[in-house]
Amino acid sequence: MIDRRTLLTGATTAALATPALPLRAQTRTEIQFWYGLAGVLGERVAEQVKRFNDSQAAVNVVASFKGSYTDVMTGAIAAWRAGNPPHIVQIFEVGTATMMAAGPAIRPTHQLLADAGVQLDPKQYLAGVRGYYSDTQGRLVSMPHNSSSAVMWINLDAFEKAGLSTTNLPKTWAEVRAATEKLKAANATPAPMTTSWPTWVMFEQMAAIHDVPFATKANGFEGMDAELRLTGPFFQRHVEFLLALQKDGLFRYGGRDNTADALFVNGEAAISCMSSALRSRVEREARFKWASVPLPYHADVIAQPKNGVIGGASLWTLTARNRTPAEYRGIAEFFRFISLPEQDLWWHKATGYVPITTAAYEAARSEGYYRANPGADAAIIQLSRAEPTPNSMGFRLGGFIEIRNIIQEELEKAFQGQQNATQALENANRRGNVVLRNFERANRA
Amino acid sequence: MNRKVIFKGVALPYLLLLPQLLITIVFFFLPAGQAIWFSFLRQDAFGIRTQFVGLENFQDLFADPLYIQVIGNTVIFSVAVTALAMACALGLAVLADRQIRGAQAYRTLLIWPYAIAPAVAAVLWIFMVHPSIGLLGRALNGMGIAWDYKLNGGQAMLVVIVAAAWKQVSYNFIFFLAGLQSIPKAVLEAAAIDGARPARRFWTIIFPLLSPTTFFLLVVNLTYAFFDTFGIIDALTKGGPAKATETLIYRAYVDGRVNLDLGTSSAQAVVLMIAIIALTAIQFRFIERRVHY
Numbered sequence: 001m002i003d004r005r006t007l008l009t010g011a012t013t014a015a016l017a018t019p020a021l022p023l024r025a026q027t028r029t030e031i032q033f034w035y036g037l038a039g040v041l042g043e044r045v046a047e048q049v050k051r052f053n054d055s056q057a058a059v060n061v062v063a064s065f066k067g068s069y070t071d072v073m074t075g076a077i078a079a080w081r082a083g084n085p086p087h088i089v090q091i092f093e094v095g096t097a098t099m100m101a102a103g104p105a106i107r108p109t110h111q112l113l114a115d116a117g118v119q120l121d122p123k124q125y126l127a128g129v130r131g132y133y134s135d136t137q138g139r140l141v142s143m144p145h146n147s148s149s150a151v152m153w154i155n156l157d158a159f160e161k162a163g164l165s166t167t168n169l170p171k172t173w174a175e176v177r178a179a180t181e182k183l184k185a186a187n188a189t190p191a192p193m194t195t196s197w198p199t200w201v202m203f204e205q206m207a208a209i210h211d212v213p214f215a216t217k218a219n220g221f222e223g224m225d226a227e228l229r230l231t232g233p234f235f236q237r238h239v240e241f242l243l244a245l246q247k248d249g250l251f252r253y254g255g256r257d258n259t260a261d262a263l264f265v266n267g268e269a270a271i272s273c274m275s276s277a278l279r280s281r282v283e284r285e286a287r288f289k290w291a292s293v294p295l296p297y298h299a300d301v302i303a304q305p306k307n308g309v310i311g312g313a314s315l316w317t318l319t320a321r322n323r324t325p326a327e328y329r330g331i332a333e334f335f336r337f338i339s340l341p342e343q344d345l346w347w348h349k350a351t352g353y354v355p356i357t358t359a360a361y362e363a364a365r366s367e368g369y370y371r372a373n374p375g376a377d378a379a380i381i382q383l384s385r386a387e388p389t390p391n392s393m394g395f396r397l398g399g400f401i402e403i404r405n406i407i408q409e410e411l412e413k414a415f416q417g418q419q420n421a422t423q424a425l426e427n428a429n430r431r432g433n434v435v436l437r438n439f440e441r442a443n444r445a
Numbered sequence: 001m002n003r004k005v006i007f008k009g010v011a012l013p014y015l016l017l018l019p020q021l022l023i024t025i026v027f028f029f030l031p032a033g034q035a036i037w038f039s040f041l042r043q044d045a046f047g048i049r050t051q052f053v054g055l056e057n058f059q060d061l062f063a064d065p066l067y068i069q070v071i072g073n074t075v076i077f078s079v080a081v082t083a084l085a086m087a088c089a090l091g092l093a094v095l096a097d098r099q100i101r102g103a104q105a106y107r108t109l110l111i112w113p114y115a116i117a118p119a120v121a122a123v124l125w126i127f128m129v130h131p132s133i134g135l136l137g138r139a140l141n142g143m144g145i146a147w148d149y150k151l152n153g154g155q156a157m158l159v160v161i162v163a164a165a166w167k168q169v170s171y172n173f174i175f176f177l178a179g180l181q182s183i184p185k186a187v188l189e190a191a192a193i194d195g196a197r198p199a200r201r202f203w204t205i206i207f208p209l210l211s212p213t214t215f216f217l218l219v220v221n222l223t224y225a226f227f228d229t230f231g232i233i234d235a236l237t238k239g240g241p242a243k244a245t246e247t248l249i250y251r252a253y254v255d256g257r258v259n260l261d262l263g264t265s266s267a268q269a270v271v272l273m274i275a276i277i278a279l280t281a282i283q284f285r286f287i288e289r290r291v292h293y
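Read top to bottom, the protein sequences are chains A and B.
Position 9, counted from 1, in the first sequence is what my numbering calls 9; the numbers after and before it change by one each time, with no gaps.
Position 59, counted from 1, in the second sequence is what my numbering calls 59; the numbers after and before it change by one each time, with no gaps.
Hint data in this document are derived by calculation from the structure and do not stem from the laboratory.
Here a beta-carbon is modelled for each residue, glycine too, at the ideal position from N, C-alpha and C.
Errors might be hidden in some of the hints.
Stated by the list, open to error - Straight-line distance between alpha carbons at most 25 Å, and here's what the computed BS3-like set of lysine-lysine pairs gives:
(1) A:LYS289 x A:LYS171
(2) A:LYS247 x A:LYS184
(3) B:LYS238 x A:LYS66
(4) B:LYS185 x A:LYS247
(5) A:LYS184 x A:LYS289
(6) A:LYS349 x A:LYS50
Said to hold, decoys possible - One-sided excerpt, in silico: chain A residues whose CB lies under 7 Å from chain B:
(7) THR70
(8) ALA78
(9) ARG81
(10) GLY83
(11) THR98
(12) TYR253
(13) GLU402
(14) GLU409
(15) GLU412
(16) LYS413
(17) PHE415
(18) GLY417
(19) GLN419
(20) ASN443
As the list claims (entries may be wrong) - What follows is a list of derived Cβ distance ranges for each label pair:
(21) B:THR24 x A:SER280: 47 to 53 Å
(22) B:PHE29 x A:GLU285: 46 to 52 Å
(23) A:GLU426 x B:GLY72: 19 to 25 Å
(24) B:LEU124 x A:GLU426: 35 to 41 Å
Working from the sequences, and respecting the hints, build out all of it.
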């Protein structure tokens, strides 16, 4: 017995006697942070965390790449169920309603900050970003991190070839259609137009821009009993517009989610609606002159288009039985750090995501960043050009990942010619409402 | 006590069985039991609110016309993959069994695809059949055939069937080759002397003598098509376009992991479990009778 104890003491002394560097690292509070961005954007996240770690000595954030957004979310939920979740997890915007309904599993950001005594004014964040992640009282529930919006990307070389203006770019869908007709006539690219994220761009963004409800209850912000409104005349009109484009050989369906990104980047489609965060990839890979402009709108539906909605992800604080106040304080410190205007400005310029704070946006503008990089502010303009209405604040719908896929599936059937716009929208609406009701039942105690 | 001829007492045999039993219990029985239990529950993603709903998950499942469609997809997919993979493997094995120069090299090359991870195999196929970057896809479009498996459901099904079968050919090939090599040469020579042509020799002698191998591979291939083709479908089509390539196992994955609905997903896992148990039982009960051992 004595022998063992001596041994143990010896081991402890040995551990304490090891060089000072690892010892200091041990005394820093360790914060686990799971994220889901691959490639260049993933490197930027790692860099962001390193900047924070180098800036102070009390907290050490350990960032781990855990696969796609879906993988990160399911992984974090499984880890919480097993009692060992990460402190911070990056959740894409469609997972917001699921996370908000998770009550005891999450620590709302406003509460986290208040407990840690860290002051962060919600007003410093861009309205479109703040609204998406706030509760009904305007308090932040998750921490804005990487936000983008959908913008229209244009291959200027193809436009030139088709005899189209490269300075006066299409603003309305009628102008887009006219341009695709010219592109086709000149055979400028194999496909005149495509789109990434069919649901996010053609339904969510379009509903917000045209101030049309996607669902009742302010798109779910005011309660879990929201119902989809996809059978309305606006969606009917817009889906018919897209189907007609496809029928006339002006639009090519490029697949679900972001699979169509490649069609624009490799020069196969002259026009595409994609995330604004694609900027770094387009800069690196596109072998042609390009531009990014706000999404088009139907001028006969709305004269002054409203703001678009964000995409991207935010940071959620997960609870655990053995979390210490010091750990929560560490999380709050990290959130404070990434909201500093100079850090946010760096993030904006390094990634192509929109700045999350107005201060960083002003700074970028005053130093002439958007003059040097035209189009880099298309998403910001689109996000902040109008005061958000209940239809353009964002979406808080349970099972939204599934609803997005349902809409994509029904749209695919319509593009295949198996059903018309009315049938597609009715099916999507019915199936989506089943998802909403199931979510409501599962999340009401 | 005469029956226990090898071990005295029960402690040692159980002790020796323990590691295997533990693995089976921890990795098979516990998860399967949990799936059965979850299939009677409705819960939110985090498992904070849990409610016993009886058979409601199963009722919802079979009331969903899309689930019935998925069952149809699975049958088409599994039968096609099994038939294609076994036919190709048998053909290749017969060819590789001949006395040819470098037979060893051919055999080794034919085994390669089995070592490739499903996701990598899918990427290889994307590079061949993608409508705009794939060699084959571009050639087809160049010939005026409208090839776009991202929008055409039938073409998408064809692509996942071919890709899934291709991955399984190697495995079948090894077994068929071994089966062929164990057929006594004397029987074949006797038939040849009697004037039976190669085709006749194949159908009347080789094929019946191969039946134990064929039967074994039938079971293995069907199980493969049911359960192990998830990776290929996910990387190639994600079940689309418009659910055209969604199979039972893929749907269970989507509902459980992407849509975070564990109750529905578990109910589907239970249905799959029952289906595969029934299928295996039928195979052993009826098909095995016709097998020559």
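Item to check | In rising order, the numbers of the hints this structure does not comply with | outcome: 4, 8, 10, 18, 19
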